[in-house]
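Top to bottom, those sequences are chains A and B. Taking my numbering, the leading residue of the first sequence gets 1, the next gets one more, and so forth. Taking my numbering, the leading residue of the second sequence gets 1001, the next gets one more, and so forth.
Any given hint could turn out to be false.
Heads up, simulated EDC-like pairs for lysine to aspartate or glutamate below, C-alpha to C-alpha not over 16 angstroms straight-line [claimed, not checked]:
(1) A:K56 - A:E71
(2) B:K1186 - B:E1202
(3) B:K1062 - A:E123
(4) B:K1087 - B:D1112
(5) B:K1062 - A:E104
(6) A:K56 - A:E40
(7) B:K1062 - A:E125
(8) A:K108 - A:E84
Everything labelled a hint here was simulated from the structure, so no lab data went into it.
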Amino acid sequence: MLKKSKKANVESKVSNSSVTMVDRTIIGDQIYIEGTIRGEEDLLIEGSVKGSIEMKAYHLTVGSKGQVEAEVHAANVTISGKLEGNISATGRVEITKEADFNGEIKAKSISVEDGAYLKAVIELEREPTQKAVPLGKPEAKAFSEPTKEPLVLAGKDSKGN
Amino acid sequence: MASSATDLNHKDLNQHLGLEVYTSNALKLFMEHLDQQPQSRLLDVGPVCQENIRFFASRVWKHYVCDLFIRLDRYIRKGDSVYQIWKELDYHPESFDGILVWELADRLDEQDVKRLVTLCHSMLKPGGMAVVMVMGDQIASSETRSFVVGQNYRIYLRPQPHLDLPLRGRQNRDVLSMMTPFIPAKSFICRPGFMEFLFQRE
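Pulled out of the complex, with its shape left as it was, chain A reads as follows (with noise of 0.2 angstroms):
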């Protein structure tokens, strides 16, 4: 069922030996939604949901039990269930190990657990461009640019069941 940890019914969690508490809607593992959610808190989901989740400034968690189809923004995002869709994060992306994720990742950062099962397609903030100097003859070849990107990750029965 839909949560809402609030007062007394707060989540904390621990945080440099502080605990804080952390307002955040629970979405559970009873509940398919399918359409568009927007919100203004974290959001966990132990459900199923599919289409779009836009919450730009808050924290989204896909729990071992949620099975998210979605395109996904949101400041963060930890996912252990299942994801499949694209994601924009204006900060951190966590991947589990528990973790089934299928898509694209626009972040700051990332950071992954051995053990993911994982097809993506990740573009990071880089770094400012440093050219090595060559150890080797450079490879002189030219070649065509790509008129098509590659085929974006479209199976839908990617953890092999």
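Please arrange chain B on chain A, whose structure you already have, making use of the hints.
For chain B alone, kept in the frame of chain A given last:
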């Protein structure tokens, strides 16, 4: 969550990243090649590794990760045909400037190696490069390990205990033979038991 390699002192690196092995000349050349490409696209076939994603994604335009190791592991555990993993490489021909094959070939039988090489050749742009790693008998282990790229192209081997894959060790000449469609660009004996190959598509 795993710490960044840069957050750790050298003493902790081996524990964090795995056994420190050598400095990779092949990867240096490979990245020099990618640096020269506008809007470079790189494909990494795994295993998924945070350090490598950070390393490569911050240096190329688009970093594609398709972990074939974990897919191979799951198909084998389920008793399914390994052949199915190739549908995962559903990218257009001539999509990539570089492909990191690592030691995937040593986990495949001859038929699947041919399929892998054919696909890599197709997916690379003309002039594109592929990196293949080979561990000799004295190093090879049935335990699957990821090649973790550290600072200054230091390579560490980190065990991947969640993967249980067969090992089919290949000699250097076997690697050259299996990559026949490619031009062998460079090969390096990094230290006893470790060889790196850089192949290029014409």
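Hints versus structure:
no.: 1; hint: A:K56 - A:E71; verdict: holds (12 angstroms)
no.: 2; hint: B:K1186 - B:E1202; verdict: holds (14 angstroms)
no.: 3; hint: B:K1062 - A:E123; verdict: holds (5 angstroms)
no.: 4; hint: B:K1087 - B:D1112; verdict: holds (12 angstroms)
no.: 5; hint: B:K1062 - A:E104; verdict: holds (10 angstroms)
no.: 6; hint: A:K56 - A:E40; verdict: holds (8 angstroms)
no.: 7; hint: B:K1062 - A:E125; verdict: holds (11 angstroms)
no.: 8; hint: A:K108 - A:E84; verdict: violated (20 angstroms)
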